[in-house]
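Engineer: Start from the sequences, fold in the hints, and give me the full structure.
Note that the numbering used here has the sequence shown beginning at 2, numbered continuously upward.
Simulated from the structure, these hints should not be mistaken for laboratory data. We put the CB at the ideal spot given by N, CA and C, even for glycine. Mixed in with the good hints, there may be bad ones.
[Said to hold, decoys possible] Listed next, with one range per pair, are the computed distances between beta-carbon atoms:
(1) Gly-58 - Ser-3: 28 to 36 Å
(2) Thr-27 - Arg-73: 14 to 22 Å
(3) Gly-102 - Met-47: 32 to 40 Å
(4) Met-47 - Phe-4: 27 to 35 Å
(5) Gly-53 - Thr-74: 16 to 24 Å
(6) Gly-79 - Gly-25: 25 to 33 Å
[As the list claims (entries may be wrong)] Okay, derived cross-link-like pairs now, BS3-like style, lysine-lysine, Cα gap no bigger than 25 Å in a straight line:
(7) Lys-76 - Lys-26
(8) Lys-6 - Lys-26
(9) Lys-6 - Lys-94
(10) Lys-19 - Lys-94
(11) Lys-19 - Lys-69
(12) Lys-6 - Lys-19
(13) Lys-99 - Lys-76
(14) Lys-76 - Lys-19
(15) Lys-26 - Lys-94
(16) Lys-94 - Lys-76
(17) Lys-69 - Lys-94
(18) Lys-26 - Lys-69
(19) Lys-19 - Lys-99
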Amino acid sequence: MSFVKIAETGMIPVGEKKSFPLEGKTVLLVNVDGSIYALDNRCPHMGGALSGGDLEGATLSCPRHGAKFDVRTGKNVGDAKLAFIQVKVGDAKVFPVKVEGTDILVELTHQF
Numbered sequence: 002m003s004f005v006k007i008a009e010t011g012m013i014p015v016g017e018k019k020s021f022p023l024e025g026k027t028v029l030l031v032n033v034d035g036s037i038y039a040l041d042n043r044c045p046h047m048g049g050a051l052s053g054g055d056l057e058g059a060t061l062s063c064p065r066h067g068a069k070f071d072v073r074t075g076k077n078v079g080d081a082k083l084a085f086i087q088v089k090v091g092d093a094k095v096f097p098v099k100v101e102g103t104d105i106l107v108e109l110t111h112q113f
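Structural biologist: Take a look at the structure:
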């Protein structure tokens, strides 16, 4: 697969996130301390839009049920909660990112 330009660095300030359409899907770009990370905008639990979640450092929470993910790796760092029940959630899908000048390029993988 090849890298595709999705945005420019000035579009995502440090500590912010923004979703972008790409090849019929939605990719969420997150700026953590000046480094850009890309992940599928859908929570692996029930498909909630992660772009609506809270970002604290490198941890992003799903707005639907509170599952938490490390945006650098996609690893689940806090399971979802339904009422008083803890629910196991898989990892978020992440994608390789390159920054060339001010261009942010993302490589979509076969799992997208």
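Engineer: Does the Cβ-Cβ separation between Gly-79 and Gly-25 fall within 25 to 33 Å?
Structural biologist: About 30 Å separates the Cβ atoms of Gly-79 and Gly-25, which means 25 to 33 Å holds.
Engineer: A range of 14 to 22 Å was offered for this pair. Does it hold for the Cβ distance of Thr-27 and Arg-73?
Structural biologist: Distance hint for Thr-27, Arg-73 holds at roughly 19 Å.
Engineer: Is Lys-6 close enough to Lys-94, meaning Cα to Cα at most 25 Å?
Structural biologist: The given pair, whose Cα atoms are some 19 Å apart, holds under the 25 Å limit.
Engineer: Do the alpha carbons of Lys-19 and Lys-69 lie within 25 Å of each other, as the hint requires?
Structural biologist: holds, 17 Å
Engineer: Holds or violated: Lys-76 with Lys-26, Cα cutoff 25 Å?
Structural biologist: holds, 21 Å
Engineer: For the pair supplied as a hint, Lys-26 and Lys-69, confirm whether the alpha-carbon distance does not exceed 25 Å.
Structural biologist: holds, 21 Å
Engineer: Does the alpha-carbon distance linking Lys-76 and Lys-19 stay inside the 25 Å limit?
Structural biologist: holds, 19 Å
Engineer: Does the structure keep Lys-99 and Lys-76 at a Cα separation of 25 Å or less?
Structural biologist: Distance ~20 Å between Lys-99 and Lys-76 Cα, so the pair holds.
Engineer: Using the Cβ atoms, figure out if Gly-58 sits within 28 to 36 Å of Ser-3.
Structural biologist: Taking Cβ atoms as reference, Gly-58 and Ser-3 lie about 31 Å apart, which means the hint holds.
Engineer: Could you check the hint for me, namely that Gly-102 and Met-47 are 32 to 40 Å apart, CB to CB?
Structural biologist: Roughly 38 Å apart at Cβ, these two residues keep to the hinted range, so it holds.
Engineer: Can the suggested window of 27 to 35 Å be confirmed for the beta-carbon pair Met-47 and Phe-4?
Structural biologist: The hint (27 to 35 Å, Cβ to Cβ) holds, given that Met-47 and Phe-4 are roughly 30 Å apart.
Engineer: Has the given pair, Lys-26 with Lys-94, been kept, meaning a C-alpha gap of at most 25 Å?
Structural biologist: holds, 12 Å
Consistency note: the structure conflicts with none of the earlier hints.
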